Each structure stands twice: as structure tokens, then as C-alpha cells.
Amino acid sequence: EPEVTQTPSHQVTQMGQEVILRCVPISNHLYFYWYRQILGQKVEFLVSFYNNEISEKSEIFDDQFSVERPDGSNFTLKIRSTKLEDSAMYFCASLRNPGSDYGYTFGSGTRLTVV
Amino acid sequence: DAKTTQPTSMDCAEGRAANLPCNHSTISGNEYVYWYRQIHSQGPQYIIHGLKNNETNEMASLIITEDRKSSTLILPHATLRDTAVYYCIVRAANFGNEKLTFGTGTRLTIIP
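Heads up: the sequence lines are chains A and B, in that order. For any residue, its number in the numbering used here is found by taking its place in the first sequence, counting from 1, and adding 31. For any residue, its number in the numbering used here is found by taking its place in the second sequence, counting from 1, and adding 12.
Looking at chain A on its own, in the form it has when it is part of the complex (with noise of 0.2 Å):
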């Protein structure tokens, strides 16, 4: 079965370091999506992709977060300047269509922690 591979799976960096949180989705998927759960909390949505641009973005994901598809394959967050709030888990997640059959199917997930 097809999966959302995510890399790392924990990361651990300094307040104010860059971190690039990265993912491959699903290859014949369109739709592209980075998601967050701070520890024992909701899962919130960042910011959805599609057609090499942003489709929307929550209030979360402010300028210190940036999204790119470089190569038609990985798909990747930024965090630019990291805060002891961005210490979360990332999900990222694909889609194949509007109306697909099998809903979105999430990645496994990266740990970032923030020290």
C-alpha cells in the first residue's frame, strides 16, 4: 500500500535554528498538506498545497513558516527561526483528488522538539 514517507521521524534543534521538516507523498497524488499536534492536544491544520502554491494556510503558519515542492517529488515545511512552541509533532498528508475515495492519507510523522 502506497505511503507518506516523512523524514526525520525526531528532531531535536535549538531555539532559533532553521529546521526543514521533509516529505514524499504519495506520487500520483495533487493535493499536499502539513498538519501539527502539540503533546496531548488537537490535531491542527497549517496549510494546504496545490498546483506549486499555497491553497490556504491557518493562523499558525505565519512568516516564519514556509512550504516548497522543489523537485515534483519531496515536499518540504520550514521553520526559520524555531520557538519552544513550535516543539510539536508535523504530519504531513497527501490527497489524490477531490472526492477520493480514500480520504487523505497522513505520514507517520516528525517529533520536533525545541531546547
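Rather than coming from a laboratory, the hints here were simulated on the basis of the structure. Each hint should be verified, as a subset may be incorrect.
To be clear about the criterion: a stretch of chain A counts as covered by chain B if any three or more of its residues have a C-beta under 8 Å from a C-beta of chain B, and this derived list gives those stretches [stated by the list, open to error]: (1) 114 to 127; (2) 135 to 143.
Result set (DSSO-like, lysine-lysine): computed pairs, CA atoms no more than 30 Å apart in a straight line [to be verified]: (3) A/Lys88 / A/Lys109; (4) A/Lys73 / B/Lys64; (5) A/Lys88 / A/Lys114; (6) A/Lys88 / A/Lys73; (7) B/Lys15 / B/Lys81; (8) B/Lys15 / B/Lys64; (9) B/Lys15 / A/Lys73; (10) B/Lys15 / A/Lys88; (11) A/Lys73 / A/Lys114; (12) B/Lys64 / B/Lys81; (13) B/Lys81 / A/Lys73; (14) A/Lys109 / A/Lys73.
Please read all numbers here as calculations on a predicted model, not as lab measurements. The beta carbon of each residue, even a glycine, is placed where N, CA and C say it ideally should be.
On the provided structure of chain A, position chain B as indicated by the hints.
Relative to the frame of chain A, chain B by itself:
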């Protein structure tokens, strides 16, 4: 998106059917009911979705009331691996960039 209401937690004996209810009284005509689950801290996993007819796949069955104001997810023979948080989410399915809005879900514990 329409708001959903789910019980905070439920227990179910292993091998029995687990029935998870969801209320979505403000659902619109073009909104589907989706169910996802999250096992421990893994990524959410799609289970099933439906508009107004009952649906069944290899994982579960989805029963939607005629007025579409509530639904029930049925895991027919629950196993210990079904212990997870189950999310009922209402969204329009005709726009690919329509985000999922997760609530707190139902924490289902399967009892040996």
C-alpha cells in the same frame, strides 16, 4: 465545516462490535461524514466516509441516519489494535484543498 460531537471515551470488549456515535446536527447537504483514527502518536488514518447512504469497507461500517444529523462507526470485531482516538469529521468533498478540522475525538479502549 459543521461541528461534530463525540463521547470523550468508550470501552469495548475484544471480539465485540464497537459502535462509535457522532452527532453533526448542522451538517450541510454537500458535506460528507469522514472517520479517521489515530493510534498513539501516529499519523491519523483514514477509515471510511459517506454522504447519506450506509457504507462498508474492509475496516468498518458507517451508518448515517436518514436526516443525516448523526452517524455511527461500527468496528465489527474489535481487536486490541483498534485501541485509538477516533475522529468524526464533516467536510465538503468536492474541493481538494478543503482542510480537515479535528476535534478531540473518542478515545476507544479495547479490553482483553
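Here is what the structure says about each hint:
no.	hint	result
1	114 to 127	holds (count 4)
2	135 to 143	holds (count 7)
3	A/Lys88 / A/Lys109	holds (14 Å)
4	A/Lys73 / B/Lys64	holds (27 Å)
5	A/Lys88 / A/Lys114	holds (19 Å)
6	A/Lys88 / A/Lys73	holds (17 Å)
7	B/Lys15 / B/Lys81	holds (11 Å)
8	B/Lys15 / B/Lys64	holds (17 Å)
9	B/Lys15 / A/Lys73	holds (15 Å)
10	B/Lys15 / A/Lys88	holds (20 Å)
11	A/Lys73 / A/Lys114	holds (19 Å)
12	B/Lys64 / B/Lys81	holds (10 Å)
13	B/Lys81 / A/Lys73	holds (23 Å)
14	A/Lys109 / A/Lys73	holds (21 Å)
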